[in-house]
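**Student:** Under this note's numbering, the first residue of the sequence shown is numbered 605, with each subsequent residue one higher.
Accuracy of the hints is not assured; some may be wrong.
Said to hold, decoys possible - List time: in silico BS3-like cross-link candidates among lysine-lysine, alpha-carbon distance up to 25 Å:
| no. | residue 1 | residue 2 |
| --- | --- | --- |
| 1 | K678 | K891 |
| 2 | K630 | K678 |
| 3 | K678 | K638 |
| 4 | K638 | K664 |
| 5 | K678 | K664 |
| 6 | K630 | K664 |
Unchecked claim - Using C-beta positions, here's what the derived DEER-type ranges look like:
| no. | residue 1 | residue 2 | range |
| --- | --- | --- | --- |
| 7 | D692 | V786 | 42 to 52 Å |
| 8 | R913 | P892 | 18 to 28 Å |
| 9 | Q760 | T789 | 36 to 46 Å |
| 10 | E764 | N900 | 41 to 51 Å |
| 11 | R839 | D792 | 18 to 28 Å |
| 12 | P749 | P892 | 21 to 31 Å |
| 13 | A686 | E784 | 45 to 55 Å |
| 14 | H721 | D692 | 24 to 34 Å |
| 15 | E725 | Q890 | 37 to 47 Å |
| 16 | R647 | E712 | 42 to 52 Å |
| 17 | Q831 | E773 | 12 to 22 Å |
| 18 | N900 | P803 | 16 to 26 Å |
Read the hints as simulated data drawn from the structure, not as lab findings.
Ideal Cβ positions, reconstructed from N, Cα and C, are used throughout, including at glycine.
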Amino acid sequence: MTSTPHTQSEISLSIAAVERETGIAKDTLRVWEKRYGFPQPLRDASDDRRYPFDQVQRLKRIRRLLDAGYRPGKIVHLDDVALDDFLDSVNYLSKTDVMPASSVQLLEPMLQLIETHRDAELRETMQLQLMRTGLAGFVHDIAAPLTTAVGEAWAQGRFEIFEEHLYTEVVTNVLRRNLEAVRRTDSDARPKVLLTTVPQELHGLGLLMVESLLTLEGCTCISLGTQTPLSDIVRAAAACDADVVALSYTNVHSAAVVHRSLSDLRQALPGQTWIWVGGSCASLYQKPLQGITALNDLGGVSALVASWRSAQ
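Turn these sequences into a full structure, and let the hints steer you where they fit.
**Tutor:** Written out as structure tokens, the structure reads:
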């Protein structure tokens, strides 16, 4: 008995598989389906969503543009031709934004290790760099710019999703292992910072970098990982006696959703609990909310901590 191979046009994926393939959360896919009319999944015999191959490929293009700073409302409804035009402009701008020669010399070998899937060598290279520079130097000079470079390489089509995931796993493991070596055992060190993301925000690497820098500043850090409901953030902040709630946002949400979630959180938390936000979400910095501090550069972490301490 022989099986007939499926063509790409016949391939369809479950919503969980699409989330893994694109990095776009399942709830976000459902919201876009209702709000923008895309994606348009089929239904199987169990009435579960199935996403055709061509729609998954378009979602990957959309994810690249989200990472480049575009908002969902501007791009989700576009066809492939229009999306490719936007991607061409992103690629052009990336090429004109020239990285310093010293950074290229440092980061390009690691990008090549990612591209050739040599994760053990990448891990060893990162660990050696961390030993040379210390944890703070590694975050500022290696992890942060390399994460940006990996995102740009993915947006330009140089990397596949799995290669981006490979990088994320390696750098996460390196950071966590070395973070534990410097973490204080004194749980009363202040400020006590609760770190997480809201639902549909899948990316936690930026938070881990911030946690590393905060720990070096003598803070007590409590990480909840990603996608914590607002009500649970409020309960966790109270249970852990947190002085600060730190959140990371990407461009996966509209500006209205971001501001509404932050406004709701601000109202639900006690006035003395500070809120720090950061990430690639442009609306965080275009329209600041009262009672919330936006951090658009990791270099500002030390000043944030000093500001909190001076206010006590």
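**Student:** Could you run down the list of hints and mark each one as holding or not?
**Tutor:** Results for each hint:
no., hint, result
1, K678 <-> K891, "18 Å, holds"
2, K630 <-> K678, "20 Å, holds"
3, K678 <-> K638, "15 Å, holds"
4, K638 <-> K664, "19 Å, holds"
5, K678 <-> K664, "15 Å, holds"
6, K630 <-> K664, "14 Å, holds"
7, D692 <-> V786: 42 to 52 Å, "44 Å, holds"
8, R913 <-> P892: 18 to 28 Å, "22 Å, holds"
9, Q760 <-> T789: 36 to 46 Å, "44 Å, holds"
10, E764 <-> N900: 41 to 51 Å, "29 Å, violated"
11, R839 <-> D792: 18 to 28 Å, "21 Å, holds"
12, P749 <-> P892: 21 to 31 Å, "26 Å, holds"
13, A686 <-> E784: 45 to 55 Å, "47 Å, holds"
14, H721 <-> D692: 24 to 34 Å, "28 Å, holds"
15, E725 <-> Q890: 37 to 47 Å, "41 Å, holds"
16, R647 <-> E712: 42 to 52 Å, "46 Å, holds"
17, Q831 <-> E773: 12 to 22 Å, "18 Å, holds"
18, N900 <-> P803: 16 to 26 Å, "23 Å, holds"
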